[in-house]
Amino acid sequence: MLHSALYTLFCNRFAITFGVFLIITAGWNTIVSFNDDGIIKGRVVAADGKPVGGATVTLLNKELLVTVLGSRAMTNEQGQFTFTHHNSHHIWLQAAKDGMGETPRVEFRMYFKGQNLNIETPLSFAENDTKGQ
Amino acid sequence: MRRHSLWATHLLLSTTCLVMLVPFYWLLKTSLTGENLFSYPPALLPDNPHIFYYVDAWYSIPFVRYLLNSVVVSAIVIVANIIFNAMAGYALTMDFKGKRVVILLLLSCMMVPYQATVVPAYLLTKELGLLNSHLGMALPLMSTIVCIFMFKASFAAVPRSLIDSARIDGVPEWQIIFRIMLPLSQSAIATNVVLAFTWSWNSFLWPLIILRDDNMQTLPLGLANFLSVVEDTSGALYAFCIMVLIPGLVIFLLAQKQFIQGLTTGATKG
Amino acid sequence: MTVKFGIGNKRLRESTLIWFLLFPSLAVFLLYRILPLAWNGVLSLQFWSMYKPPRFAGLYHYKELFLYDDVFRQSLWNTLLFMVGSPIGIALGLMIALLVNRPIFGRNIYRTIIFMSFPVMTVATGVIWLWLFSEKTGLINYFLMYIGLIDHSQPFLEDFNLALPSIVLVSIWQVVGLYMIIILTGLQNIPPSIYQAAKIDGANSWQQFWLITFPLLRPSIFLCLIIGIINSFNAFDLVYVMTGGGPGHATELLITYIYKTAFTLARFDYAAAITVINFSLFLALTWLVNRMSGGNAGAVETN
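Quick note, the sequences are listed as chains Z, H and G, same order.
For the first sequence, counting from 1, position 90 maps to 96 in the working numbering; every step adds exactly one.
For the second sequence, counting from 1, position 126 maps to 153 in the working numbering; every step adds exactly one.
For the third sequence, counting from 1, position 288 maps to 369 in the working numbering; every step adds exactly one.
It is possible that part of the hints are untrue.
Per label pair, the in silico range of CB-to-CB distance [claimed, not checked]:
#	chain 1	residue 1	chain 2	residue 2	range
1	G	K217	H	L132	52 to 58 Å
2	H	N242	Z	I125	34 to 40 Å
3	G	D151	H	G125	44 to 50 Å
4	Z	F27	H	I110	24 to 30 Å
5	G	R183	H	R92	17 to 23 Å
6	Z	F40	H	K284	38 to 44 Å
7	G	L225	Z	F27	37 to 43 Å
8	Z	T36	H	N242	25 to 31 Å
9	Z	I125	H	L276	37 to 43 Å
10	H	A217	G	N189	14 to 20 Å
11	H	M121	G	P135	55 to 61 Å
12	G	Q289	H	V91	52 to 58 Å
Everything labelled a hint here was simulated from the structure, so no lab data went into it.
From a predicted model like this one, the values you see are computed outputs, not experimental measurements.
Virtual Cβ for every residue (Gly too), placed ideally from N, Cα, C.
Make the full structure from the sequences, and use the hints.
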């Protein structure tokens with residue numbers, strides 16, 4: 007009797023659908039909580055592939071209708087930069103250095119806010135930039 | 028059945044199904060790729076789908092809050108519907124003075140469409156102090172006449188002998204309702220749940236009139252608000268639309284039988 | 082039958098129980114159907130204001146409605162046009178129901194798919210079709226140009242003449258599944274013995290349809306007609322989302338005009354007058370449909 011009552015309670019389609027939904031939500035939230043420290047890491051290179059130190063990288067947050075300035079960071083000697091505590095899901099990155107001009111803006115869309123990002127392709131300055139001198 | 032008539036039937040039905048499904052497919056495709064927002068001609072298959080519009084929609088609108096509001100209102104409506112309608116249906120199975128007047132009253136209320144009452148209902152709800160509240164949203168929907176008659180028919184179908192023997196045994200009235208009548212009326216309850224859910228979940232005009240706060244808005248209102256903010260500049264609108272549709276469609280697919288049953292009782296009654 | 086002591090008490094108890102059971106439902110209907118109807122009538126004859134007590138106005142609002150208000154006339158005309166679209170929807174539903182009723186493979190799947198537009202929120206339907214009708218990038222324009230029916234994009238929802246038919250089309254798309262289900266039930270309620278008797282008498286399928294099926298479907302069709310009338314009053318969601326009243330009131334329906342008058346202009350008394358006319362129109366049409374279906378809600382004698 008108890009067995010059949012439990013069966014009806016747990017094996018009907020509504021319970022199963024709801025249960026699957028709960029499991030998926032719990033799983034997703036776990037994944038998110040492990041990866042949402044808000045850390046973005048990347049590199050900046052010159053046109054010939056050499057790392058560029060001392061460049062300023064600008065992080066722009068794209069919201070639904072407008073794009074706002076997020077924060078800035080400097081690259082170290084190996085051309086690497088790190089942003090911490092970012093809180094957006096859609097960003098643009100651009101590097102600039104005196105005498106070398108600017109890299110093109112690159113867009114990144116993420117699956118949740120504050121997703122950790124390790125950028126493979128470096129931001130690279132264009133081959134012939136006339137801003138240099 | 029002759030062969031070519033069979034093929035013709037399938038062809039016509041398939042075309043109709045296509046017409047019914049293409050809008051949904053198009054919505055889904057746009058929410059996944061956003062490629063036709065600005066470019067032309069439209070492509071038939073999604074090219075490079077991504078779910079980032081869903082992420083956009085999730086973070087631009089308080090979807091969970093709207094969902095909760097809708098759920099709360101629907102829950103109130105469903106529970107109130109079952110209780111009130113069952114009570115009234117049961118009362119109608121008994122004979123009493125003034126029964127004919129009550130039935131006439133109910134039938135004539137069925138003739139009053141919802142829009143004819145909108146303006147005074149707003150003033151009334153304001154007097155009751157229920158503007159901007161879940162209860163105020165749920166109140167006009169808390170009882171439906173079609174379902175009362177459905178319960179009445181269902182209760183009347185319970186064999187008289189069962190009730191009589193219970194009465195002779197001295198079982199109090201309310202126990203008769205709960206232990207005998209309700210368990211035998213499960214299909215009426217299921218249909219009532221499904222119909223009450225549909226009407227309260229999709230109701231747009233009434234919450235539009237009643238609600239002022241942004242954090243009390245229900246899903247349909249949220250969608251309309253989002254439309255006015257974004258218009259057609261972003262695929263996030265279509266992603267939000269899909270997010271809004273999913274609960275309704277899931278419930279529909281799971282409870283098809285009850286939906287169809289609920290509508291057909293209305294048909295046979297008419 | 083022995084007269085028991087206390088039978089009066091039992092009657093009273095039973096009667097109290099009955100009224101207690103009826104009370105919640107009756108309260109809801111009293112508050113939200115009957116009282117508003119009466120209040121509408123009263124409001125329409127008053128000058129109502131939020132800060133002062135109402136004053137009697139007589140037929141002032143009605144005079145303004147009929148003599149000076151062009152928007153009202155346009156809304157009335159649009160609502161009537163909208164209702165012309167519903168028999169088309171019913172005819173479509175009838176054809177589909179006849180097809181689905183045949184014993185073919187997969188009819189349940191067809192039935193579910195065609196019915197799927199019913200539980201969809203009208204607001205969502207509006208958003209979807211707003212997108213489909215879009216002038217620059219919409220699918221409908223592309224499709225019509227692809228098959229060569231038109232030679233350049235039509236602004237369906239911005240054109241004065243095309244806006245209302247577009248909305249009627251969407252309304253039909255949404256409701257045809259419902260019509261199909263209702264008529265299908267009616268079809269399945271016809272006992273097959275009637276058809277067999279007719280076949281024996283030598284009736285072909287055309288005659289079978291007109292002399293047996295169609296008359297026996299009267300209750301279902303009556304219900305569909307009523308739903309169609311209610312739908313045209315209900316198309317508020319669609320108009321609000323898709324055109325907001327349309328290019329220059331081309332899609333303004335009575336219900337959207339009531340909404341705007343009452344809740345953006347706060348002229349509750351004027352809106353009540355429009356509501357009274359709206360409701361009278363509804364009653365008149367329902368009575369007409371009842372007469373056309375042969376009275377008695379189209380019920381059929383089966384003998």
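We went through each hint and held it up to the structure:
| no. | hint | in the structure |
| --- | --- | --- |
| 1 | K217(G) / L132(H): 52 to 58 Å | holds, 54 Å |
| 2 | N242(H) / I125(Z): 34 to 40 Å | holds, 37 Å |
| 3 | D151(G) / G125(H): 44 to 50 Å | holds, 48 Å |
| 4 | F27(Z) / I110(H): 24 to 30 Å | holds, 28 Å |
| 5 | R183(G) / R92(H): 17 to 23 Å | violated, 48 Å |
| 6 | F40(Z) / K284(H): 38 to 44 Å | holds, 42 Å |
| 7 | L225(G) / F27(Z): 37 to 43 Å | holds, 40 Å |
| 8 | T36(Z) / N242(H): 25 to 31 Å | holds, 28 Å |
| 9 | I125(Z) / L276(H): 37 to 43 Å | holds, 38 Å |
| 10 | A217(H) / N189(G): 14 to 20 Å | holds, 19 Å |
| 11 | M121(H) / P135(G): 55 to 61 Å | violated, 43 Å |
| 12 | Q289(G) / V91(H): 52 to 58 Å | holds, 56 Å |
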